[in-house]
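Trainee: Sequence:
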Amino acid sequence: MKKYAVIGAGPSGLAAARALQKQGIHVDGFEASHGVGGLWDIANPRSSMYESAHLISSRTTTEFAEYPMQSDVDYPSHEVLLEYFRSYAEHFGLDDLYRFNTRVTRVEPAGDEWDVTVVAEPRDDGAEGAEETLRYDGVILANGTLAEPNVPAFRGEFSGTMMHTHDYKSAAMLEGKRVLIVGAGNSGCDIAVDAVHRAERVDMSVRRGYYFVPRYVFGRPTDTFDTGRPLPRRLKQFVDTKMLRAFTGDPTRFGFPKPDYRIYESHPIVNTMVLNHLGQGDLRIRANIDRFDGSTVHFRDGSHADYDIILLATGYTLDYPFVDREHLSWRAASPKLFLNVFPASFNGLYVMGMIEASGIGWQGRYEQAELLATYLATVENAPARAARFRRRVTGEPWPDVTGGYRYLGLDRMSYYVNKSAYRAAVRTEREGLEAA
Numbered sequence: 003m004k005k006y007a008v009i010g011a012g013p014s015g016l017a018a019a020r021a022l023q024k025q026g027i028h029v030d031g032f033e034a035s036h037g038v039g040g041l042w043d044i045a046n047p048r049s050s051m052y053e054s055a056h057l058i059s060s061r062t063t064t065e066f067a068e069y070p071m072q073s074d075v076d077y078p079s080h081e082v083l084l085e086y087f088r089s090y091a092e093h094f095g096l097d098d099l100y101r102f103n104t105r106v107t108r109v110e111p112a113g114d115e116w117d118v119t120v121v122a123e124p125r126d127d128g129a130e131g132a133e134e135t136l137r138y139d140g141v142i143l144a145n146g147t148l149a150e151p152n153v154p155a156f157r158g159e160f161s162g163t164m165m166h167t168h169d170y171k172s173a174a175m176l177e178g179k180r181v182l183i184v185g186a187g188n189s190g191c192d193i194a195v196d197a198v199h200r201a202e203r204v205d206m207s208v209r210r211g212y213y214f215v216p217r218y219v220f221g222r223p224t225d226t227f228d229t230g231r232p233l234p235r236r237l238k239q240f241v242d243t244k245m246l247r248a249f250t251g252d253p254t255r256f257g258f259p260k261p262d263y264r265i266y267e268s269h270p271i272v273n274t275m276v277l278n279h280l281g282q283g284d285l286r287i288r289a290n291i292d293r294f295d296g297s298t299v300h301f302r303d304g305s306h307a308d309y310d311i312i313l314l315a316t317g318y319t320l321d322y323p324f325v326d327r328e329h330l331s332w333r334a335a336s337p338k339l340f341l342n343v344f345p346a347s348f349n350g351l352y353v354m355g356m357i358e359a360s361g362i363g364w365q366g367r368y369e370q371a372e373l374l375a376t377y378l379a380t381v382e383n384a385p386a387r388a389a390r391f392r393r394r395v396t397g398e399p400w401p402d403v404t405g406g407y408r409y410l411g412l413d414r415m416s417y418y419v420n421k422s423a424y425r426a427a428v429r430t431e432r433e434g435l436e437a438a
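Taking the working numbering, the leading residue of the sequence shown gets 3, the next gets one more, and so forth.
Source of the hints: derived by calculation from the structure; they are not laboratory data. A couple of the hints might just be wrong.
Claimed, not checked - DSS-like mimics (lysine-lysine), calculated; alpha carbons at most 30 Å apart, straight line:
1. K338 with K421
2. K24 with K5
3. K338 with K24
4. K24 with K260
5. K260 with K238
6. K24 with K238
7. K24 with K4
8. K238 with K171
9. K260 with K244
10. K5 with K260
11. K4 with K338
12. K5 with K338
13. K244 with K421
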């Protein structure tokens, strides 16, 4: 029987382990932290979680379909979510498939197989962990997309404290400080809402406009209105833009630039509390940064102000540090993979969770894992069908998973998909593999 390694025990790693388990495929999982949960475990050193963090998509559109959350909260906290992943893993026996406190340091080809070198994390007494190399028929990379902070370069030197949101854990860190948050993505806006209650002053430096989506419309979680047949792109953009104007107004009146793109061509901000605080004068929008001079930040519009802390809400870069990029067909900011899973070379490496989409949830990632598990089972049980799939991937145009949306040409959007188009393409490919 073939053996596969799964690297990571966050939602995508658990989805991969579960899907392979259901197909009867041998799985060895490796997780550098002490347990499951990935970034949702605030005690995980790689976690980007902070005390006030909650889901920004609603529970019912996010959970795994075969294991609903035992919660009636629409937008659960990270503590609830971590307990959910622990319960999910225990229920399906996934814990038994993993070696925890075990870090993967190298993945490299060994003929038609792969060598995975792992190191046990140092023990409590400080003794170094043992290193060993194990051989697998394939390796599934599921170590997450939100662990390697993107830190932009700036002119000048800042004499205060500069940190990325990855290292932010609590608003207590900002007590009595003059704070500048750079970027207004979902984490940046969440932290801004935290900060106004503790900091002396909070400003946000932004370079483009955003669309702000309320969490509730007519008393229901907003994303529960978008679970049926998708509207045509232009119609959806038109209808939802009108809806946002009715519910949240025009963010430019608070100082945000006008968006230079249509709604859903970048990830929307699911946070309207930040607009409330702007309206109350608790926050102020600043222009893009020009340069630093000690504690003074000069902005592109000619204004300046002094700060104690600069908090970079500037996103993350993809990082698979243990494997050479050539094996994943990297193109600029991300690997070029069929349905964000399969290298066209079919070299035995696969990626789980390298998808971002508004509302795709963990179920969408599980469907991705189901496709991979179906392929791997077909390799063993119906090799002719597996070969047909490989020929199609390498010889025909790949499906359009954008849904017709023209996403911004940003690094973080390089693996963005439209949830409906992506899930439909995954379903079609899985059904093709299963067909006799």
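Trainee: Confirm or reject each hint.
Mentor: Checked hints:
{"no.": "1", "hint": "K338 with K421", "result": "18 Å, holds"}
{"no.": "2", "hint": "K24 with K5", "result": "14 Å, holds"}
{"no.": "3", "hint": "K338 with K24", "result": "28 Å, holds"}
{"no.": "4", "hint": "K24 with K260", "result": "48 Å, violated"}
{"no.": "5", "hint": "K260 with K238", "result": "20 Å, holds"}
{"no.": "6", "hint": "K24 with K238", "result": "37 Å, violated"}
{"no.": "7", "hint": "K24 with K4", "result": "15 Å, holds"}
{"no.": "8", "hint": "K238 with K171", "result": "36 Å, violated"}
{"no.": "9", "hint": "K260 with K244", "result": "15 Å, holds"}
{"no.": "10", "hint": "K5 with K260", "result": "52 Å, violated"}
{"no.": "11", "hint": "K4 with K338", "result": "26 Å, holds"}
{"no.": "12", "hint": "K5 with K338", "result": "25 Å, holds"}
{"no.": "13", "hint": "K244 with K421", "result": "22 Å, holds"}
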